[in-house]
Structures are given as C-alpha cells and as structure tokens.
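Asks: Please arrange chain A on chain V, whose structure you already have, making use of the hints.
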Amino acid sequence: KQEVTQIPAALSVPEGENLVLNCSFTDSAIYNLQWFRQDPGKGLTSLLLIQSSQREQTSGRLNASLDKSSGRSTLYIAASQPGDSATYLCAVTSGAGSYQLTFGKGTKLSVIP
Amino acid sequence: EAGVAQSPRYKIIEKRQSVAFWCNPISGHATLYWYQQILGQGPKLLIQFQNNGVVDDSQLPKDRFSAERLKGVDSTLKIQPAKLEDSAVYLCASESYEQNYGYTFGSGTRLTVV
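Residue numbers (my numbering), protein chains in the order written: chain V, 1 to 113; chain A, 1001 to 1114.
It is worth saying that the hints were derived from the structure and are not from the lab.
Be a bit skeptical, because a hint or two may be false.
Away from chain V, derived, C-beta distances all over 12 Å, residues of chain A [claimed, not checked]:
(1) Q1006
(2) R1009
(3) V1019
(4) K1044
(5) L1045
(6) V1055
(7) D1056
(8) R1064
(9) S1066
(10) L1070
(11) K1071
(12) Q1080
(13) P1081
(14) L1084
(15) D1086
(16) E1095
Looking from chain V toward chain A, a few residues come up when the C-beta cut is under 7 Å (computed) [to be verified]:
(17) L47
(18) L89
(19) I112
Backbone N, C-alpha and C define an ideal beta-carbon position, used for all residues, glycine too.
Next up, chain A with everything else stripped away, as it sits in the complex:
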C-alpha cells in the first residue's frame, strides 16, 4: 500500500509571502489531518477532515491559514501571509478505523520563513 505523499519537501520563503503544501493520503482513508511541528516540540493538530468536510479546525490560525480537501482525497494547506513563527514542519496524516485508528504520516514539508 502506498504511503501518504506530501510535497514539496522543503520550502524557503520570505515573511509576508504565501505558500501552499499538498497532501495525498492513503487510498480509502477517509480522515486526513494536518499537523504543525515546531523544532523541539511534538506535532500540534491544525485541522482534521472527514472525507471533504472539516471536523475540527479550532487550532488553525484562520486569519492566515486555510485548508481544503476537494473530493475527499487530496488536500492543500495554504499560508498567506507567512510569519517568521510559521517556520516548522507541516505533517499530513491519514488514519483508518480498519487499522484501529492507527496513523500513517507523510514525510512532511519543512518550511523556513526568513
């Protein structure tokens, strides 16, 4: 089974610029998550999708972050405008009740805002 695909792997942008990350979950996994991991910290949930609907976006900074999951498959996370404190690794994950809600994570996108 193919894993969770993310792109790009790395991105460097200047503050106030915009950036977008893409995620393709494991086929058939209805639930998709975006997590933010700041250096030295554990990942923190940004948003949870069930199919193409948002389940929880309470920790998403909505003034600058947005996310969508068209057709319940791929997802895009966007930051506009970026701030220095957005420098982090952005991880996409999917989980399946058939696997007892075990998670599979992508390799992540490392964002550096300068």
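One chain only, chain V, in its complex shape:
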C-alpha cells in the first residue's frame, strides 16, 4: 500500500526566503506526482505535475523535482511572498490502470511579511 509522507508538517519563514518542502513515498512504481496548493476552506489547485520519466518541472517561482528510485520529491519556492501562505499537498498516482491519487498530510506554510 502506497504511503506518502510530507516533512515538515508546518513551516514559517520570513518574506523573501527560499524554501524547500519535502515529500516521500514508499512505492516507487508511480505514474506521476502532483503538488497541490490548498487555501483555507478551499479546494485544491494543481501547481506542478511530474511524470515518472521526468526529473523536474518548473512554473514561475516554483520548481519540483522527482527522484523516483529513492521515493522522494521536493518543491522549491523561490523568493517567498505572503501570498504563498497555504497548505501544500503532495500526491502520487500509482497507475497500473487506476490513476487514483494518494496524498500526504500536507505542509502548512506561513510566510511572514
């Protein structure tokens, strides 16, 4: 059974800092990995999707990397802003005909002005 772990559970940084969020998964046989953002009381917004054959994806100030063999992914946020404050969720799709997502519990990020 796939398990996804995110460390740390919460993170507080001053505005302008670069930061890294970590995600690990137990079964390396994944189809893809997605990073989502969730604002309080809201649904999930997809940030980046990395296919299992890819090593990284970039969007603006966000960069996600994937090391499938070691079961790890990182989300790098450059020059953090207060508007980045949210919970960030990592999820993997195991494929094999079913593309269900298995989520971690998330990292709650607070960027202090």
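Replies: For chain A alone, kept in the frame of chain V given last:
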C-alpha cells in the same frame, strides 16, 4: 475551460440526518472522483467513476454513503444517516488522459455534522 463545479459550498446538519452533494466535472473528462478530507489530513478516495460505471468504491462506507453518476456527467454523493465523524470537506475531481492524468479539483463542500 470551465472548472469542476460543486454545490453546496457549506452544509450543517444534525447527526442522523441525510445530505447530498453535487458535482459537475470538466466537460469531456470521463473519470470522476470523490475524496473526503478530514481536517488536518490529506484527501482520501471514496469512489472513482469511469463514465457512469464505478471503478473503485472499496473505501466508501456503503452502509451510509452512496454515489451515482448518471449519463456519465454529473455525480451525486449522499450520506444517510450522517455521523459526527463525517464532518469533513468533500472534494470532487476529474482527470483526463489527455492531460497526463492530471487532476482538477472542485472547491469542495464543507460538511459539519452536529
């Protein structure tokens, strides 16, 4: 492209009452999911539809939860009777192989059972 629509946004009910949530996925997306997210946890899959057929409902508490997807488009999730532990956000999502099975989630329905 329009997103995944869900309603209502919020619902408060007493335990043992019934409640229903509605979801309209992105047009053309064959696969639809319902996830339950309890406060402080990641979302957990309840049921997966492919068109109007159920692919996986192994984690759906079938004694009280039911779901249907008529005509392979809209879907309804029902809880009857509700328990206190059903308080959660219920998220609907659709995905498309054309987008490498990337997911699009709706805004969710926040259910509070008192």
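Asks: Would A/K1044 pass as off the interface with chain V, using Cβ distances and a cut of 12 Å?
Replies: For A/K1044, whose nearest Cβ neighbour in chain V is about 8 Å away, the distance does not exceed 12 Å, so it is violated.
Asks: Would you say A/L1070 is clear of chain V, with no C-beta pair closer than or equal to 12 Å?
Replies: holds, 22 Å
Asks: Classify the label on A/P1081 as holds or violated, using whether its beta-carbon is more than 12 Å from each beta-carbon of chain V.
Replies: holds, 26 Å
Asks: Can we confirm that no CB of chain V comes within 12 Å of the CB of A/E1095?
Replies: Given a closest Cβ separation of 6 Å, the condition is violated.
Asks: Is it correct that the beta-carbon of A/R1009 has no partner in chain V closer than or equal to 12 Å?
Replies: violated, 9 Å
Asks: Closest CB-CB distance from A/D1056 to chain V, is it above 12 Å?
Replies: violated, 6 Å
Asks: When you look at the beta carbon of A/R1064, is every beta carbon of chain V farther off than 12 Å?
Replies: For A/R1064, whose nearest Cβ neighbour in chain V is about 22 Å away, the distance exceeds 12 Å, so it holds.
Asks: Please check whether the beta-carbon of A/K1071 is more than 12 Å away from every beta-carbon in chain V.
Replies: For A/K1071, whose nearest Cβ neighbour in chain V is about 22 Å away, the distance exceeds 12 Å, so it holds.
Asks: Is A/V1019 truly not at the interface, in the sense that its beta carbon sits beyond 12 Å from all beta carbons of chain V?
Replies: Non-interface label on A/V1019 holds, nearest chain V Cβ at 18 Å vs cutoff 12 Å.
Asks: Non-interface claim for A/Q1080: all C-beta distances to chain V beyond 12 Å?
Replies: Holds: least Cβ distance 24 Å, greater than 12 Å.
Asks: Would you check whether the claim that A/S1066 is not at the interface survives, using Cβ distances to chain V and the 12 Å cut-off?
Replies: With a cut-off of 12 Å, A/S1066 remains clear of chain V, as the shortest Cβ separation is near 19 Å.
Asks: Would you say A/L1084 is clear of chain V, with no C-beta pair closer than or equal to 12 Å?
Replies: holds, 20 Å
The structure fails hints 1, 2, 4, 5, 6, 7, 16, 17, 19 (numbered hints given earlier, in ascending order).
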